[in-house]
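Chemist: Okay, here's what each chain looks like letter by letter:
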Amino acid sequence: MYQIVKKKTLNSNTKLMVIDAPFVAKKAQPGQFIILRVDEEGERIPLTIAEYDREKGHVTIIFQEVGATTKKLGLLNEGDCLNDFVGPLGVASHLEGLKKVAVVGGGLGCAIAYPQAKALHEMGAEVDLIAGFRNKDIIILEDEMKAASTNLYVMTDDGSNGHKGFVTDALKKLIEDGNQYDAVIAIGPMIMMKFVSEVTRPYGIKTIVSMNATMVDGTGMCGCCRLTVNGETKFACVDGPDFDGHQVDFDESMRRSAMYKAQEKEATEHHECNLHKMEVK
Amino acid sequence: MANMNPKKCPMPEQDPNVRNKNFEEVALGYTPEMAIEEAQRCLNCKHKPCVAGCPVGVKIPEFIALVAEGKFIEAAAKIKETSALPAVCGRVCPQESQCESKCVRGIKGEPVAIGRLERFVADYAMANDTTEITVPEQNGHKVAVVGAGPAGLTCAGDLARLGYKVTVFEVLHTAGGVLMYGIPEFRLPKAIVQKEIDNLKAMGVEFILNFVVGRSETIDDLFADGYEAIFVGSGAGLPSFMNVPGENYNGVYSANEYLTRVNLMKAYKEDSATPILRAKRVAVVGGGNVAMDAARSAKRMGAEEVYIVYRRGESELPARLEEIHHAKEEGIIFKFLTAPLEVLGDEETYMVKGLKCQQMELGEPDASGRRRPIPVEGSEFVLDLDAVIVSIGTSPNPLIRSTTPGLETNKRGCIVADEETGLTSKEGVFAGGDAVTGAATVILAMGAGKKAAAAMHEYIQNKNK
Numbered sequence: 001m002y003q004i005v006k007k008k009t010l011n012s013n014t015k016l017m018v019i020d021a022p023f024v025a026k027k028a029q030p031g032q033f034i035i036l037r038v039d040e041e042g043e044r045i046p047l048t049i050a051e052y053d054r055e056k057g058h059v060t061i062i063f064q065e066v067g068a069t070t071k072k073l074g075l076l077n078e079g080d081c082l083n084d085f086v087g088p089l090g091v092a093s094h095l096e097g098l099k100k101v102a103v104v105g106g107g108l109g110c111a112i113a114y115p116q117a118k119a120l121h122e123m124g125a126e127v128d129l130i131a132g133f134r135n136k137d138i139i140i141l142e143d144e145m146k147a148a149s150t151n152l153y154v155m156t157d158d159g160s161n162g163h164k165g166f167v168t169d170a171l172k173k174l175i176e177d178g179n180q181y182d183a184v185i186a187i188g189p190m191i192m193m194k195f196v197s198e199v200t201r202p203y204g205i206k207t208i209v210s211m212n213a214t215m216v217d218g219t220g221m222c223g224c225c226r227l228t229v230n231g232e233t234k235f236a237c238v239d240g241p242d243f244d245g246h247q248v249d250f251d252e253s254m255r256r257s258a259m260y261k262a263q264e265k266e267a268t269e270h271h272e273c274n275l276h277k278m279e280v281k
Numbered sequence: 001m002a003n004m005n006p007k008k009c010p011m012p013e014q015d016p017n018v019r020n021k022n023f024e025e026v027a028l029g030y031t032p033e034m035a036i037e038e039a040q041r042c043l044n045c046k047h048k049p050c051v052a053g054c055p056v057g058v059k060i061p062e063f064i065a066l067v068a069e070g071k072f073i074e075a076a077a078k079i080k081e082t083s084a085l086p087a088v089c090g091r092v093c094p095q096e097s098q099c100e101s102k103c104v105r106g107i108k109g110e111p112v113a114i115g116r117l118e119r120f121v122a123d124y125a126m127a128n129d130t131t132e133i134t135v136p137e138q139n140g141h142k143v144a145v146v147g148a149g150p151a152g153l154t155c156a157g158d159l160a161r162l163g164y165k166v167t168v169f170e171v172l173h174t175a176g177g178v179l180m181y182g183i184p185e186f187r188l189p190k191a192i193v194q195k196e197i198d199n200l201k202a203m204g205v206e207f208i209l210n211f212v213v214g215r216s217e218t219i220d221d222l223f224a225d226g227y228e229a230i231f232v233g234s235g236a237g238l239p240s241f242m243n244v245p246g247e248n249y250n251g252v253y254s255a256n257e258y259l260t261r262v263n264l265m266k267a268y269k270e271d272s273a274t275p276i277l278r279a280k281r282v283a284v285v286g287g288g289n290v291a292m293d294a295a296r297s298a299k300r301m302g303a304e305e306v307y308i309v310y311r312r313g314e315s316e317l318p319a320r321l322e323e324i325h326h327a328k329e330e331g332i333i334f335k336f337l338t339a340p341l342e343v344l345g346d347e348e349t350y351m352v353k354g355l356k357c358q359q360m361e362l363g364e365p366d367a368s369g370r371r372r373p374i375p376v377e378g379s380e381f382v383l384d385l386d387a388v389i390v391s392i393g394t395s396p397n398p399l400i401r402s403t404t405p406g407l408e409t410n411k412r413g414c415i416v417a418d419e420e421t422g423l424t425s426k427e428g429v430f431a432g433g434d435a436v437t438g439a440a441t442v443i444l445a446m447g448a449g450k451k452a453a454a455a456m457h458e459y460i461q462n463k464n465k
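The listed protein sequences correspond, in order, to chains A and B. So for the first sequence, UniProt numbering puts the first residue at 1; every next one is plus one. So for the second sequence, UniProt numbering puts the first residue at 1; every next one is plus one.
Here chain A stands alone, though its shape is the one from the complex (with noise of 0.2 Å):
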């Protein structure tokens, strides 16, 4: 069992929570990602690692309460335990020998964008993140961001913040201003990562994309999250999940990442029910 020993909430629908898991934190690296059951009964879900402490053995999760299980997760306390918490899955980000980069994050994909971020300011690259939420009350990790980066930009969609725009407007800007950028990391939702792609592939700027597929074991056991990478089928959980944003069909994925949509929204309506009627007694 694998305890909560930190709960917090960032937004209305965004929670971030510290787990006891020393074998996942001991080799952890920015890029991996994690899988993890609330319970015996339950799914498993990929999630990416936010942070990590290996003294501590704690690693850091931040879920967004999309579906049944992540909202079934948010339920959960300090002190409570997920039944399983598997990890560190993936390849690591290859971030060596980059000098100046700009990344971009969107909504959640900032938590994921953050320690990348964190990492390659360590090692003393020049870093522009550019975040971007939909309005200023979702806003999340806006200190951490600020402290990872040599720039910051947190652009949203409504302007509500004073910066309105999205991330590829950012970009494109930093870009014609005559940034000269090793690469692009872009994190988020996949129509902003094709965007984003789509953005630099004019300038030439290596994009790095991570793909969000969805996943089972993520062990390269079943090939439920394979994608097609210039051509050729790769499985984003070993192969992966950070991609060449120029060469991933992000058409193809956003089909296959709908592909439960109508069993997600009953499973979801049904965790609703439940909790009402929980609520009810």
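Quick caveat, the hints were computed from the structure, so don't treat them as lab data. Treat the hints loosely; a few may be bogus.
No more than 30 Å apart at the CA atoms, straight line, and that leaves these computed lysine-lysine pairs for BS3-like [unchecked claim]:
#1 A/Lys265 with B/Lys8
#2 A/Lys261 with B/Lys280
#3 B/Lys353 with A/Lys234
#4 A/Lys261 with B/Lys426
#5 B/Lys411 with A/Lys27
#6 A/Lys261 with B/Lys266
#7 A/Lys234 with B/Lys356
#8 A/Lys99 with A/Lys194
#9 A/Lys72 with B/Lys266
#10 A/Lys27 with B/Lys142
#11 A/Lys194 with B/Lys353
#12 B/Lys266 with A/Lys15
#13 B/Lys269 with A/Lys265
#14 B/Lys8 with B/Lys328
#15 A/Lys26 with B/Lys426
#16 B/Lys201 with A/Lys27
#17 B/Lys269 with A/Lys261
#18 B/Lys21 with B/Lys48
#19 A/Lys71 with B/Lys266
#20 B/Lys356 with B/Lys299
#21 A/Lys7 with A/Lys265
#22 B/Lys269 with A/Lys72
Partial list, computed: chain A residues near chain B (C-beta under 7 Å) [said to hold, decoys possible]:
#23 Phe23
#24 Arg37
#25 Glu43
#26 Thr219
#27 Cys222
#28 Phe250
#29 Met254
#30 Ser257
Note that beta-carbon positions come from the ideal geometry of N, C-alpha and C, so glycine has one too.
Chain A is fixed; fit chain B onto it per the hints.
Modeler: Just chain B now, with coordinates in the frame of chain A:
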């Protein structure tokens, strides 16, 4: 006087049209009376040809003699002397090509039903044996087993019996490997596998689940932690795909994914948290046991039509005869000499809508000794479907080979290991099962685990002289 009936005592089974709608076990097992009757068919041969056909050398005539006398618990103990998982083997071994293929009674009539008797004895002991499992005397040496599948469990059991402190590292949340995620409940009830694993725990074997050897710790890290020898039984879990157009449409599964969702994640239960498509028309591509398991599972998940699409003929099917027979009884439709060309999908929904196939004919034997399928010109046709399950084989996962310097692998990604000892190119590292052979059978993996355990014992003894 032996029972000279030329036929095996039949084993009761669930009716095909009932069982193809549930996940309960198909074969119901012998009653004590049936077991005694069948045991009396054994001639107790002096030269025991059956034993030579068993990869773990079960003392077959001895245990059967005890069954014939009604000494079922003693019979179970006799099997346990050489086999770690009799309730599993009695169910899933291809006895027709192993022990039973060598049985003298098989020359004129059917061989003795060794598998059914082993199963009966193991089940009987599981239900009735109240003797506490004793922890063997410890010898003070630590060994590690990577992977809790049939090879690893057997190796762990044998080493524990020799007094080693054994730790098994497993990446999934449940031990058992393919016995848990692959072989369905209707062929191998999971409670039985769990009972066998619990017996190993009672003997002092420690299981660390959710542990990724190759990521959390490498093989070299394990040596640094004080393990004196390591057995790698990490299997061949990486699925192959067909590399035909349309393979990434929604509704195309690898058999591993489909079976993992159904078996390990229990997606066959209506209220399971893990989703699965409940497809109405399904094609399973391939002809092995895994293909039969996937097809029979799809039928039980409510599919009205389930096809096995196989590019060779019926006599070339690699699956066990009993499984093919069961599949046919349950209404699985076989499309022989049929090769998939393309998965067709709906451009709007991105869901599978069909499989374009081509008729084949058999030519001369190829390198594998089987007749090579050759496409028939102009024979293309389309099967209307809403799911395709790809079951054309698996290969070893690259995780351990890519993180263990000095561990030699061949071009198929299999670990190179001595057939008799499991010894690899790296000192102190032994390997066996599908990680070495590529996808094979449960009992061969168990045999490899057994041989490796003996070799590890010898290695540690010599090292400490």
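Chemist: For every hint, state whether the structure bears it out.
Modeler: Against the structure, the hints:
no.: 1; hint: A/Lys265 with B/Lys8; result: 52 Å, violated
no.: 2; hint: A/Lys261 with B/Lys280; result: 18 Å, holds
no.: 3; hint: B/Lys353 with A/Lys234; result: 23 Å, holds
no.: 4; hint: A/Lys261 with B/Lys426; result: 48 Å, violated
no.: 5; hint: B/Lys411 with A/Lys27; result: 29 Å, holds
no.: 6; hint: A/Lys261 with B/Lys266; result: 19 Å, holds
no.: 7; hint: A/Lys234 with B/Lys356; result: 24 Å, holds
no.: 8; hint: A/Lys99 with A/Lys194; result: 24 Å, holds
no.: 9; hint: A/Lys72 with B/Lys266; result: 19 Å, holds
no.: 10; hint: A/Lys27 with B/Lys142; result: 23 Å, holds
no.: 11; hint: A/Lys194 with B/Lys353; result: 27 Å, holds
no.: 12; hint: B/Lys266 with A/Lys15; result: 28 Å, holds
no.: 13; hint: B/Lys269 with A/Lys265; result: 18 Å, holds
no.: 14; hint: B/Lys8 with B/Lys328; result: 21 Å, holds
no.: 15; hint: A/Lys26 with B/Lys426; result: 25 Å, holds
no.: 16; hint: B/Lys201 with A/Lys27; result: 28 Å, holds
no.: 17; hint: B/Lys269 with A/Lys261; result: 19 Å, holds
no.: 18; hint: B/Lys21 with B/Lys48; result: 41 Å, violated
no.: 19; hint: A/Lys71 with B/Lys266; result: 21 Å, holds
no.: 20; hint: B/Lys356 with B/Lys299; result: 21 Å, holds
no.: 21; hint: A/Lys7 with A/Lys265; result: 26 Å, holds
no.: 22; hint: B/Lys269 with A/Lys72; result: 20 Å, holds
no.: 23; hint: Phe23; result: 4 Å, holds
no.: 24; hint: Arg37; result: 6 Å, holds
no.: 25; hint: Glu43; result: 4 Å, holds
no.: 26; hint: Thr219; result: 5 Å, holds
no.: 27; hint: Cys222; result: 4 Å, holds
no.: 28; hint: Phe250; result: 13 Å, violated
no.: 29; hint: Met254; result: 9 Å, violated
no.: 30; hint: Ser257; result: 10 Å, violated
Hints 1, 4, 18, 28, 29, 30 from the list above are not met by this structure, while the remaining hints are.
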